[in-house]
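A.B. asks: Here the protein sequences come in this chain order: D and S.
Read in order, the letters of the first sequence correspond to residues 3 to 566 in our numbering.
Read in order, the letters of the second sequence correspond to residues 23 to 259 in our numbering.
These aren't lab readings, by the way, just hints derived from the structure by calculation.
You may find that some hints are simply not true.
[Claimed, not checked] Pair ranges (Cβ atoms, derived):
id : chain 1 : residue 1 : chain 2 : residue 2 : range
1  : S       : A156      : D       : K541      : 51 to 59 Å
2  : D       : L184      : S       : K74       : 23 to 31 Å
3  : D       : L247      : S       : R52       : 56 to 64 Å
4  : D       : T530      : S       : E48       : 50 to 58 Å
No residue lacks a Cβ here, since even glycine has one placed at the ideal position from N, Cα and C.
Next come the chains, spelled out residue by residue.
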Amino acid sequence: MRQIFLRLDERIQLILIAFLVGICGGLASVALNRSLEMGAMWLHTMHGNWYVFLFPACGAALSSIFLSHIARDMGGHGVPEVIYSVSRRGGLLRLRLAISRLVACFLTIASGGSAGPEAPIVVSGASIGSNIASFFRLRDRQRIIIVGCGAAAAIASIFNAPVAGIVFSLEAILGEWTSTNLIPIAVSSVIGTEISRFLEGNQIPFQARVFSITTIDIVACLGLAVLTAFGSVLLIRLLKFFNNLSERLSPYEWIRASLGGLFVGIIGISFPSVLGEGYGVIRTVIEQQYFQGLFIIGVIALAKILATSLTIGTSRSGGLFAPCLVIGSLIGLFYQRFLVVAMPSVHWAGESYFALLGMAGVISSVMQAPMTGIFLIAEITGSYQVLISVVLLSVVSALLSHFFEPLSVYVQQLAAQGEWIRPRTDRQILSELDLTELIETDCRIVHPEMRLKDLVEIVKVSHRNYFPVEDSKSGDFLGIIRLDDIRSYLFNQYLYSSVLVEELMDRDIKTVSLDDDLPTVIEFFEKTHSWSLPVVQDKKFLGLISKATILDYYRRELIIQEEI
Amino acid sequence: MRGDSVVLGNKKLTIKEVGSLLGIPEATVRRWIVQGKIPAWEDSGRYFFFKKDIEKWANSHNIFLHRDFEGKGSKTLPDRDSLLAAMKRGGVFFNVQGDNVQDVLREAVSLVPLPPEVDRDLLLRMLLQREELASTGIGGGIAIPHPRYPLKELKRKEVISTCLLNKEIDFGSIDGIPVFVLFLMLSPEIRVHLRYLSKLSLCLRDKSFISLLKKCNKAEDLFKKVEEIEKALPVVP
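Chain D with its partners taken away, still in its complex shape:
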């Protein structure tokens, strides 16, 4: 089977695998969705009991213990790991992730933690994709695309939104739009959607009413964009804050998680709607059945932001998609109530209009992915007539929050560790090249006690301008002789016997070691203005590295990156 498969054209291979990944991703998301529904039903029967507020803490602790002791998985809210794997590890992900994240996420959300099921589903889909790709012996480049397929299928099937799946995968996971990426991802996204439609029925998750939009509504969007950007920046900052705080608080992950859960439970006593993934809240808002007043809605939105950052910041399992949608819908509703109070004479487009715009704004800002925001909202609400407002709001909101938080919540941590590299950038090429590939070893070694005469003989037969000096006994690197520095003595025969290499060499030259990465080496080149630097490891000279070679290799890497 595999034999036949390997003979096929690469594009056909990718499409076939994307098909398979689409099926698996779709099934995984349906499975999680079903179990979440079951969990919610089971939890519902216990409502009214006083101890309910302890549930989030127990769930979070269980989920964290499950991850660290049973699944032996480090945790993390999912999408960053997929991005890391795509940008640094050729899309390799462990198969274990496919299951462990779903279980952990189920425990967190079913018990009331404020997080979404999407990120774990994305991790699960991506890990399924990665392992299928490895099974078919695909290489890094193709594996990355298949990982993108898995993520796309997951998002597409959980939201019943094929285009959002494609766009999310290209915009947030892979970070590049190319035709080779697009086709398999689209295939897998469509298949994932079909699977979930087949099993769950073709329902639009948050069907909105038809509304009439006037110009004044569109202008009013700009005000909402400010609010959504504010809410998003607040969410991102709080997430970081709780993440840092919890790391300082306790070394045990499960203690941190349960502390976070406890606070979420306490918030939940007064505002039960912040608990769980919150799809119910969105549905009520979109159907214009949410009757709280202006002030209460504002407080609930803030409470949801707080609960989400507590849950995800401390337990690190669970996604941001659903909470973002809830926060967005609440901000939108709040803004609409405010408009009605402020300008009662105007006939506004309605609560659901602003709610869905709010969702688009928060998604775009938090993920720094406006296209995902636009298509996701259009698809999950089935309201394509609001497209103009959604585009405007997503873009403005993403732009505003970009001023304060230029990186998406997914890549912030990776970027802080220097591990986030955009595809097809200078840094990406440099990080791929290894010093061992660039090193030039055809140097003529000289010794400090050699006379100029001997050096001249070596200069004659060498085609390099640099001559490393090594101690003749220990073989340690001592310094370097540059042809440029000694040019004036070379033809002076009177000095031939009287000048020693030792007197000509440069002792304090900057050296690099094999552990240095290429960006660092380039930095050295720029600082020292030299054309070649010696590579020295444990005092031993290994070879030269030169700017010209780097350019040569750099260019070659660029060339072979080109799509045909």
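Given chain D, put chain S in place with the hints provided.
C.D. replies: Below, chain S alone, put in the same frame as chain D:
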């Protein structure tokens, strides 16, 4: 995998061969395989390539292939044979007639063994033109006439003819000493020319070689001496 039966005209290549074909280290080839940037096949853990795949791939990416990778060593000069061989090809001629530069050169050109494609009249004109520019008399009674441009027709074979003149003539040398011997150097390439010129000049520094030249009447004696001197020279890469 399709590699088990070798497709006719589609040679299997190893990582090493592909590295030298592309002029890159093996480490880079390995990385490209893992990253899926180069079309490679795997057979029980060993990677291999098909020459046609690589050619097609290189072509579509505008990558230059080093054609003569198969062990010939592309960068070394066509310097397989020695000064002695070049001198043997050119031959030694005694009692070369002539009263002035033009006459001896005409005589020398008519004597030197050359492939039939070489236009001897043109060669003579080129030699004279070179003499007008600056004398090729290097002093000590020796001249090394050569044209300004290499002779492509020689096909990588340097030719050095030794012409001992029947009487000394004024060659306009730097030291004014009349010339008694010509080394007519004809080269296929400028770099080859310089290499032989350097070797020859080292021979001419040998005083015993000069005295041998002055009284020599047998080519074999001369060749023996050249062989002796050449052996003692440092090997230039």
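A.B. asks: For every hint, state whether the structure bears it out.
C.D. replies: Okay, the hints, checked on the actual structure:
| no. | hint | result |
| --- | --- | --- |
| 1 | S:A156 x D:K541: 51 to 59 Å | holds (53 Å) |
| 2 | D:L184 x S:K74: 23 to 31 Å | holds (29 Å) |
| 3 | D:L247 x S:R52: 56 to 64 Å | violated (45 Å) |
| 4 | D:T530 x S:E48: 50 to 58 Å | violated (30 Å) |
Hints 3, 4 from the earlier list are contradicted by this structure; the remaining hints agree with it.
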